[in-house]
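S.K.: Once you've looked at the hints, dock chains B and C against the given chain A.
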Amino acid sequence: MLLLLAPLMLLAMAPPAGAVGTLCLPTATTACIAGTVRSDAGVVPNVKLTVTDPSGTAQEVVTGDDGRWNVQVSKEGAYKIALQEDTLPDNVAVSGANEVTVQAKFNATAPALIPVRTSTYVSSTSKVDELIQSSASGLRLGLLLALASIGLSLIYGTTGLSNFAHAEQVTLGGILGYFVVNVHGLNLWLGGLLVIVLCGFTGWFQDRVMWQPLRRRGLGLTQLMIVTIGLSLAMQYTFQYTVGARTVRVVQDNPTVRTIGPITLTNQSFVAMGISIVVIAAVGFALLRTRIGRATRAVSDNPALAAASGIDVDRVIRLVWTVAMALAGLSGLLYALVTNGIKWDSGLQILLLLFAAVTLGGLGTAFGALVGSLIIGLVVELSPVLGMPGDFKYATALLILILLLLVRPQGLLGRPERVG
Amino acid sequence: MDTIQAILNSMLREAISPQTAAVAIAAIGLNVHFGFTGLLNIGQSGFMLLGAYGFAISIGHGLPLIVGVLLGFAAALVFALVLGAPTLKLRGDYLAIVTISAAEIIRYVGRSALLTDFTGAAQGLQGVSYRTPFTNLSFFGDGDSTLSPFNIYDIAGGAVWVRLVGWLALAACIAGIVLLVKAGRARPTVARRASRDAGGRLTPAAGTESRADLGADARQVTAVSAPVRRMGIGALIALSVFLLFFLMPTSYQDTGVSGWWVRFVAWLLVAVCLLVVYLLVRSPWGRLLRGIREDEDAIRSLGKNVFAIKMQALIIGGLFGALGGMLYVLPASVQPDSMGRSLTFFCYTALLLGGAATIFGPVLGAVIFYAARIMIKGVANAYIPDSIMNGQQTEQFSFIVVGVALMLIVIFRPQGILGNKRELRFNV
Amino acid sequence: MSESTVARSDLADPATRQALMAGVDATPGSAKPDSILVVDNIVRQFGGITAVDVSHLEVQRGIITALIGPNGAGKTTFFNLITGFDKPSSAKTGAHWSFDGATLDKTSASSVAKAGMVRTFQLTKALSRMTVMDNMMLGAQGQAGENLLKCVFKPLWSGQEKAIEEKAKELLQRFKLLEKKDDYAGSLSGGQRKLLEMARALMSDPKMIMLDEPMAGVNPALTQSLLGHIQSLRDDGTTVLFVEHDMHVVRHISDWVAVMAEGRLVAEGPADTVMSDTAVIDAYLGAHHDTDLGDDALLSDQAMVEIQQEVAAEQAEREEEA
Chain A
1 MLLLLAPLML LAMAPPAGAV GTLCLPTATT ACIAGTVRSD AGVVPNVKLT VTDPSGTAQE
61 VVTGDDGRWN VQVSKEGAYK IALQEDTLPD NVAVSGANEV TVQAKFNATA PALIPVRTST
121 YVSSTSKVDE LIQSSASGLR LGLLLALASI GLSLIYGTTG LSNFAHAEQV TLGGILGYFV
181 VNVHGLNLWL GGLLVIVLCG FTGWFQDRVM WQPLRRRGLG LTQLMIVTIG LSLAMQYTFQ
241 YTVGARTVRV VQDNPTVRTI GPITLTNQSF VAMGISIVVI AAVGFALLRT RIGRATRAVS
301 DNPALAAASG IDVDRVIRLV WTVAMALAGL SGLLYALVTN GIKWDSGLQI LLLLFAAVTL
361 GGLGTAFGAL VGSLIIGLVV ELSPVLGMPG DFKYATALLI LILLLLVRPQ GLLGRPERVG
Chain B
421 MDTIQAILNS MLREAISPQT AAVAIAAIGL NVHFGFTGLL NIGQSGFMLL GAYGFAISIG
481 HGLPLIVGVL LGFAAALVFA LVLGAPTLKL RGDYLAIVTI SAAEIIRYVG RSALLTDFTG
541 AAQGLQGVSY RTPFTNLSFF GDGDSTLSPF NIYDIAGGAV WVRLVGWLAL AACIAGIVLL
601 VKAGRARPTV ARRASRDAGG RLTPAAGTES RADLGADARQ VTAVSAPVRR MGIGALIALS
661 VFLLFFLMPT SYQDTGVSGW WVRFVAWLLV AVCLLVVYLL VRSPWGRLLR GIREDEDAIR
721 SLGKNVFAIK MQALIIGGLF GALGGMLYVL PASVQPDSMG RSLTFFCYTA LLLGGAATIF
781 GPVLGAVIFY AARIMIKGVA NAYIPDSIMN GQQTEQFSFI VVGVALMLIV IFRPQGILGN
841 KRELRFNV
Chain C
849 MSESTVARSD LADPATRQAL MAGVDATPGS AKPDSILVVD NIVRQFGGIT AVDVSHLEVQ
909 RGIITALIGP NGAGKTTFFN LITGFDKPSS AKTGAHWSFD GATLDKTSAS SVAKAGMVRT
969 FQLTKALSRM TVMDNMMLGA QGQAGENLLK CVFKPLWSGQ EKAIEEKAKE LLQRFKLLEK
1029 KDDYAGSLSG GQRKLLEMAR ALMSDPKMIM LDEPMAGVNP ALTQSLLGHI QSLRDDGTTV
1089 LFVEHDMHVV RHISDWVAVM AEGRLVAEGP ADTVMSDTAV IDAYLGAHHD TDLGDDALLS
1149 DQAMVEIQQE VAAEQAEREE EA
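Residue numbers (this note's numbering), protein chains in the order written: chain A, 1 to 420; chain B, 421 to 848; chain C, 849 to 1170.
In isolation and in its complexed conformation, chain A is listed as follows (with noise of 0.2 Å):
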């Protein structure tokens, strides 16, 4: 009897219509729940949800007008939202099911979301339209992904080295763009090279008083890899330490979105895309046809053959390390273009996806890495469509990796190795 009371009395205190508008606070002793009611054409006013708390008590939230909507509760457990769907405007409606579940905890505001369409929007988005509108997206990360993930394969190609700082340096072009341009207010395409100069310089700089001193000393590779994982971690404090853990953008203004068939997306990610294409097609052109190129792949193969040739070795490593940061730099500068901002830990994001791309295209070949990035990428973005959970997304490009290192250990395009 008293377990019924409470929630009563509970609603009795809380005036139902001061959820609106106001923000709403958790306490030690109180729980938020709260939402946006947002369909593609942008947020929904004056939508009637009902919460039901763990006892069956029910009560009744509108939306404000700018669509969100709170509840403030005082007790923990499973709550259950509703959204009345007669007080959708006509022409939106639910697009999965209308009720969720969350589970309130004090001190905490538990995020509850109903998604919700217009009837134009689902009219506009077949399955094939999702797979191609998600394709785009992917065929977009793995484009960026293989900016970065080609100097990483190169990097491991000469040197034997697995660079887990690579993913910091994707970051640092985000970070440099923030200061350059938003900071400084440098024109995008002009401080976009300057970032590039100026991560090509860090690569340079690194060879010359780290990478090529310790090779001199004779350091393991494995000593060079947790050497890699100090620099990592120094450089993801530095970037916390300069820029706090916020998201930096890199232009103030918001993106304008262009429609291309069934495909949407902002304006930057075409010129991103249509960067990186350019760029991945210029390296491989000069690894396949230029001089220093084919030094490279030839200190890829077999660095004492290649020394033993004529090659300047050392040299074709500082040029490397060069090409592979401002590669990296690049990369994370689109990546902060069109995904609207970087963080300090955003590169510790992508880095297992740079690892599996490379794994997956075979170990030291620049086209594997091409390769991978994009089967990783398109992985990432087309298993949530494809029924997986969005949480999962990630997981699901490592199970491929465990898997084809199962029945293809070298990898896509990989050698099988001599051994003994």
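Heads up, some of the hints might be wrong.
As the list claims (entries may be wrong) - Distance condition first, Cα-Cα at most 25 Å in a straight line; then the derived SDA-like pairs of lysine to any residue:
#1 C:Lys954 x C:Val891
#2 C:Lys935 x B:Arg511
#3 C:Lys954 x C:Val886
#4 B:Lys509 x C:Phe1023
Stated by the list, open to error - Now the stretches of chain C that chain B is said to cover, found in silico as 3 or more residues with beta-carbon under 8 Å:
#5 971-981
#6 996-1006
#7 1048-1059
Hint data in this document are derived by calculation from the structure and do not stem from the laboratory.
None of the values given here were measured: they were computed from a predicted structure.
Ideal Cβ placement from N, Cα and C applies to all residues, glycine included.
M.R.: Just chains B and C now, kept in the frame of chain A:
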């Protein structure tokens, strides 16, 4: 003076905290992987998180403590099998890449809203939901205790001269330990020779002879004094521990959430783990591990199943990781985001600082690592004005120092504090 | 045919060995009176290059067989294949080999060693950062203490450990390494490491020992004693198969010689016969046709350059594995 005393106090508290013990155990596991077997596992935090989840979730759902512990171990066991099966036959890099990825995946999955009922998603699991069975085991009773009960404040109210004498005595003890340990190391003429001839060419006969003589002498000396030396080291360590607590009296609840009880159990477990590792690595099995670290193909050519041994090592180290994970969350809560990549790197820093492939290295490393981090934070907080470095930034600064320290250790002292430079070899 | 027809101790006598092998055809792939190792149709390709293509080879039990050939002839790759360190490209198209009657087609490297066929490596794999004694102890088979469950209980393995240690000491004594037993293996000279590797291989009492270029990088003073050791192994009844490109060595100690060139088996026979075989001279020497086999003058400048390049390539390969 008070600031310094406060910083020193907080260093000691951090050094003996259960989480330091937890990281020490995880680093012991990493030592089995990396130090002894040469397996580059960069996903130790994954093992820890799995152990913590297995433990916390099962107890949270009403299972007994022992079942929770076993389930935590079981989760780590399965994880090791899944990671090891595809990678242990390949080059070391693959294990590194797969373990670091898998550990992140565990974290992502743990954070997933789909599993809110089990893992509490990004919010994690509160300590109260699983801690009770453990605190109920306590026979320490209620109330507070101070260690040591007899401390500086009992002599002249903790006057400056008391402190000075105390610290000098402590410094003398540590110097004594170092000297005794070094005396024990005098034996390896072998090591010296190894350094010269690692290239492996001819050794001039005369040189060999004279060095061999030296070796014989040193061996005689150590043979006589070995038991005495060992007892001396033991006594000095006990004395320094007493002096530490004498100089920096520390008080906690006897049982409580994070009191003496959990500290006692944590460090007892550290001791048990050290004993287990000692028993393992002195055996022929341990010899096999080191052989695999040196050259897998050679061991294979001697008819040993290298894959099976590596898998065993991966599992054992992983179980230590899981135990570390359970301890790590015991006085706190299960927070997937606090058990990510950084935690693995802390374990590595602790291990390499103390000395890989040594028995005590990981523990010493963990203690020094955490104490040093607190010192950096404390000093930066106290002496660097906020305009240059604010409170948030001192935290980040301490991590930057960790990263740089990791690099410097690996480059300039790869054998760590306790390691024998010649035994340690990274590039297997 | 088995040991009953040719008693092991008899094979210590050169005349018996000659008589034994006299009846064997000196043609590639000829049948032996008592083969311990039989290899059929084994092919290995790297990319488009065929490194090994041996259609049939038998190795006689109880004698020293030398496998010779110019650099790049595929000798080491062949070794890797039959000891399980590499898989033949022809695995699914009829590659077949057996040791002492047991098929080895799909056997792992460790099982091959357990079966009694133990190998050494061209680039010695002495475990540098372990003591000589530890190196030796690792060679023993069937150690209870290597079982994870038993290893923490010392009484379960300490007895066996002592026995193994005694055996290791005997072998070290024989190879004149006993006084170095507590030294790190990395502190030994190249030749001593070769000896150590051989002694370690013997810890398992193999039926057949396969030595990959045992003389490479060994100083001349040690070469003689190495040769002596190899011969005494044979006299004790162990079958020896070794890879070598130094003709002098081959001529002096081998009872039978097989020649590989460009991955194929091109000749077989007693040392003297093989060395006068024109096919061998063609394959082996190429441009250096007019020189005497086993002549040091063979090492012309050009040959030296070639060898250096090969060494560089091997070095690189080793680093790649590291």
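S.K.: Could you tell me which of the hints above the structure violates, numbers in ascending order?
M.R.: 4
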